[in-house]
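Asker: Spelled out from the first residue to the last, the chains are:
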Amino acid sequence: MKTNMKLLIVDDSAIIRSRIARILNDPRLNYINVVGMARNGVEAITLYLQQAPDIVTMDITMPEMDGVDCTEKMISLRPECSILVISALSDKATALKTLKKGAKGFLYKPFTDEELIAAFLELTNS
Amino acid sequence: MKSINDNDIRSFVDAVGSFFFHTTNEKVEIRAAYLVEGEIQASTFDLTSYITLSGDFSGRVYFSAPRVMVAHLLLAMHELERDDDRLLDAVGEIANTISGNARKHFGEAMQISVPVTQVTEHDWLNSVVSPHSYVILVKWKQYRASVVVDIQRTA
Amino acid sequence: MDKNSGQSIFARYRKIILAVILFVVADSVVIGINFYNTYKADESAVSINLSGRQRMLSQRMTKVLLLLQRSTEAQDEEGIVRNLKELDLTVNLFNTTLKGFRDGDMVTGGDGKPAFLTQVETEISRQLVADAYTIWDRYFDLLQPLLKNSRHYNAAQLEEAVAYAQNNNLEVLRLMNDLTTDLEVVANKRANMLRMVLIVGFVIAFMNFTYTVIVSIRDLMSGDRKLAESRNENVEILATVHEGLFLLSKDKKLGTQFSESLPRMLHREIKPGMDFMPILQSMVSPEIYESAMDYIELLLGERVKESLVTSLNPLTNVPVNMVDKFGTVQNRYLSFFFNRALVDGTISHVLVTVQDVTDKVLLMQQLEQAKSKTKIEIEALLRLAGSDFASLQQFIDNTGQSLSQINEKLSQPQEDERARLHTLNYIMRIIHGIKGEAAVLGIDVLENYAHESEQELVAMRESGHGVSGDQILRIAVLLEGFYERYSSLAAIVTRLADALGMKKAEPPPMDGAKDDKYAENTNSVLQTLTPAEPAQHPFVGHITSLAQRIAADHGKQIEISCQLEGFSSLPPDVTQELQGISIQLVRNALTHGIEIPEERVAHNKPKIGALCIWCKYLGNGDYDFSVRDDGRGIVPERLRNSLVKSGRLSMTEAAALSDTEIAKLIFQPGVSSAAVADKDAGHGVGLDAVMEKVKAIHGRMRVRSSPSMFTEFHVQFSAAR
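Residue numbers (my numbering), protein chains in the order written: chain S, 1 to 126; chain X, 1001 to 1155; chain D, 2001 to 2721.
So here's chain S without its partners, still in its complex pose:
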């Protein structure tokens, strides 16, 4: 059984944030607990330092600090954190840039519940 893992949700859309949180109610993901939600990169870094999450879902286009810079910052602070980029981004180049900064995976918006669950399972399967 997987040990408890802490998740930080970073997205500027309230709809997406609450949707991710809702999908986490799935029994297969009961080892993941949401420890924070951030609307932009700056908030995200603050929560990241406070909560030390194991997993982060990261939007790319956000005000204040975007997902690319935010990912870079998080990985430099704690490289062992698993970051899943979730974005509707039209240009793959930026998404790839985020992955180069250290994110582990990418999921397109829109996503189905199952897609997100599968992504979390894959991400936490070491």
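Derived by calculation from the structure, the hints in this document are not laboratory data. Don't take every hint at face value.
[Claimed, not checked] If you want a taste of the chain D side facing chain S, the calculated C-beta under 8 Å gives, among others:
1) Pro-2314
2) Glu-2408
3) Gly-2433
4) Gly-2436
For clarity, every value in this text was computed on a predicted model and none was experimentally measured. For each residue, glycine too, the CB sits at the ideal point set by N, CA and C.
Following the hints, complete the assembly by docking chains X and D onto the known chain S.
Answerer: Chains X and D in isolation, oriented as in the chain S frame:
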């Protein structure tokens, strides 16, 4: 579905631009472009001229400028008299240029009225234009003027 | 792991190892025997050689005795001395050698050097030596007086020795001859045995060798066969698949094997070990190339999860430029798929599959074009019907606000490129948000449009020329596109809300006091689709039939949209006043505003006029009541003329007033622009009466009009008072 596109609108703005450029050799630059909507209203200045179009498209194109700007324009044209009549003449002339460009752009099938000019108060344009008219703020020297495009496709 | 492989190595090479051990043992034995025999052969050679010499010595003894006898008779002193000496040497040599044969002893060898003579071994030889001694003992005794060069012998003694020698000469010769023969037989036997041992050793070695070779060859051959089989299979697969297949090494070079279709697909010669990236670079755009580089490096690295990045593969349905054999450039679409190839859990290669998807992409494009806009909207509607309604309404609200934010930003003059770039980024973020939320709710229309717009904005930003004023204008046009789609969507949602009996969505976040060409749509749709709205006030029916009657009286055709939101909940005195106001305004509209059909057609307007009567709740107890017609509008020129004609203004007064000022006069008592007064209008009392009623409900009157377009009266009031 889309009533008019940016090329259509640009043909009006360019007319204003070329008028200033040909008479003063100075360029006019677009500083803002937006839609009349809710609290966001059209910019009315002291003097306004407009032409009315009908045909495949119908509606009006307005040019509105502050007195001081038109006065400066007259000065640049070495026109010594700068009373309201002269100033209105000048904005009328700009509307004429817009009309010429519109005819060129939309073709001869378009009917275009002679320009109407008038002295206008603070929010006059808002009382005459439809919502979602385009407002383009242009800058010449340190002055701002507006081109308001209130045109729909009728066909 | 290591132990296993050790065992498996022993098992695999067991046969070979046994063969090697057998070879070493057999060879050692053969070499040992051989060595022993060689030693024995040396001994035999000495024996044979010396027994041959005995033969010769026996003859020489006889000959020397005879020569001595002759020399003695002839008184030849010199001959006597020489022959005595010769006799002494010969006898001694014969005697010691014979003794050596009997007992084994050091003797003088054939070359004059000492050599060891072994005792004879066979029975025959021993008998021959014994026989020789029976003769030799007597012979040696007889010879004694003649030896040691002494001249103390007499003639009789010589005579006797000569006679004995002559009598036994042949016998001694025969015995020595036989001994030689026997020794040769022994030597031959030994040589034969040696030969046998060699043959046996050789046979064993040969068998051993043959066995090893057969075993090895068999193993090798079965390995080769398997290898060949798998290679055959590979070759067959690689020759027949349509896809381009190849392995990419960690340094991004092509592997040795690739499918036959690959060169055809890539339109170039392919050789093993070629660098893949330059090939790709020549085919795709620099941006895609850059992304592909990143993507391949991510896959070759260990950090990312393969299944969580495949969606980012930049090389799916990618347009490529290829020059065919006739030199013409062909535009084709290829898809490259990359899969990690793992060896012991680490990434060794990336398997690349290439597909030519040109036909598929073209078909997709055609389908995309064929999809009419209506179809998309129906799709959206169907999807909306299945969505979570609260989210939808939230989306509508958010999007309305977002669009207003964009417009707000656009309306602020942007003085320099930096400011414009800042604006662009701000707008992109908002549009991106809309796109994301639209996507979540499956609202394709807005999602696709947001996507297209976003791409256009990205292109603007990436162009490197800064953001021009023209581009700001383009953004405004894009925004209008958003509003179009948004408004029809908002209308659909409102309709759904009604149909589902839900609380109505907030009024669209556009200014409710203002007419809006889309909101108008929305409301007329509402009116036609929800005729049985329970909250409908009876006045709706009244005013509608009144308007139709007035229109018919004036030979005009109209379509009425009447939406009196919250009308029923207003205090009765207020509704009373509003009814009065609307009746007057409707009269005015039908008299002054709406033209007769012929006139409308002549002005390129729809034959049927539109009359809208709305009451909208603005929130906070505020309402907006409006009447709008799409008729002539208020024409200042006509008003001026009318005012002058009626004598209310002089020509100069009229000319001095601005259009706005003239327009304001319509609210003054007695002003009318109708050509002929009738029951409906023209008495010049309409609007001042309206103003009175507006004052009664503490409202505010506003008029908007556009000549030959529309006239719109708004009464804003608060029910909270």
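Asker: Quick check on the hint: Glu-2408 of chain D CB to chain S CB, less than 8 Å?
Answerer: Where the cut-off is 8 Å and the nearest Cβ of chain S is about 16 Å from Glu-2408 of chain D, the hint is violated.
Asker: Was the hint right that Gly-2433 of chain D lines chain S, CB cutoff 8 Å?
Answerer: Holds - the Cβ of Gly-2433 of chain D comes within 8 Å of chain S, reaching about 6 Å at its closest.
Asker: A closest beta-carbon separation below 8 Å is what the hint needs, so does Gly-2436 of chain D meet it against chain S?
Answerer: Since chain S brings a Cβ to about 4 Å from Gly-2436 of chain D, closer than 8 Å, the hint holds.
Asker: Quick check on Pro-2314 of chain D please, does its C-beta sit within 8 Å of some C-beta on chain S?
Answerer: holds (5 Å)
Hint compliance for this structure: hint 2 alone is broken.
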